[in-house]
Amino acid sequence: MDRKELIQRYAAGERDFREVDLSGAVWDKWENPIGAPDLSGINLSRAKLRKSRLVGINFSDAKFIHADLIDAKLSCANLSRADLSSANLINADLIRANLSCANLRDSDTENIYTIVISHFIG
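Under the working numbering, the sequence shown has 58 at position 58, and the numbering climbs by one with no breaks.
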C-alpha cells in the first residue's frame, strides 16, 4: 500500500492500518498544496514508518503501538493523545510536534530530536 491509497481508504472511513509498510513515505504539508492530511484516530500499530517524512500531519488520538519510527521526521505533527507505547523512535525528529497527553511508555527514544515534551504519559 502507498500513502495515496491509505489516504483514500482513510477518507472512505477505514481507520485500522495495523502492520502497514510505509517505510520512506513522504507526507509533507509543504509538498501538498491542499495541506497536510488529517489522520486523527488512525491505527498504525506495528506499522513500518522508518525514514518517513510525516511533517505537520494531524495524528491526534492515533495508535502507533510498536510502530517502527526510526529516523522518521514528525516535526510539527499533532501527536496529542497519541499512543506511542513501545514505539521505536530512535533518531526521530519531533521538533515542534504536539505531544500533549501522548503515551510514550516503553518507547525507545534514543537520540530523539525535540524541543519540549510536556504532559506525556510515560
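Keep in mind that a hint or two might mislead.
Said to hold, decoys possible - Calculated lysine to aspartate or glutamate pairs in the DMTMM-like style (CA-CA distance at most 20 Å, straight line):
#1 Lys4 <-> Asp106
#2 Lys51 <-> Asp108
#3 Lys48 <-> Glu5
#4 Lys51 <-> Asp21
#5 Lys48 <-> Asp2
#6 Lys48 <-> Asp21
#7 Lys51 <-> Glu19
#8 Lys4 <-> Glu14
#9 Lys51 <-> Asp71
#10 Lys4 <-> Asp83
#11 Lys48 <-> Asp16
#12 Lys48 <-> Glu14
#13 Lys48 <-> Asp83
#14 Lys4 <-> Asp16
#15 Lys4 <-> Glu19
#16 Lys51 <-> Glu14
#17 Lys48 <-> Asp108
#18 Lys48 <-> Glu19
#19 Lys48 <-> Asp106
#20 Lys48 <-> Asp61
#21 Lys4 <-> Asp21
As the list claims (entries may be wrong) - Label-pair ranges, simulated between beta-carbon atoms:
#22 Arg9 <-> Asn111: 29 to 37 Å
#23 Arg15 <-> Ser100: 27 to 35 Å
#24 Asp61 <-> Ala12: 12 to 20 Å
#25 Asp16 <-> Asn111: 26 to 34 Å
#26 Gly13 <-> Glu110: 33 to 41 Å
#27 Ala12 <-> Arg105: 16 to 24 Å
#28 Arg18 <-> Asp108: 26 to 34 Å
#29 Cys101 <-> Lys4: 26 to 34 Å
#30 Asp2 <-> Gly41: 31 to 39 Å
Because the hints were derived from the structure by calculation, they are not lab data.
C-beta: ideal position from N, C-alpha, C; glycine also.
Structure versus earlier hints - violations, ascending order
Per hint list: 1, 10, 16, 23, 27, 28, 30 violated.
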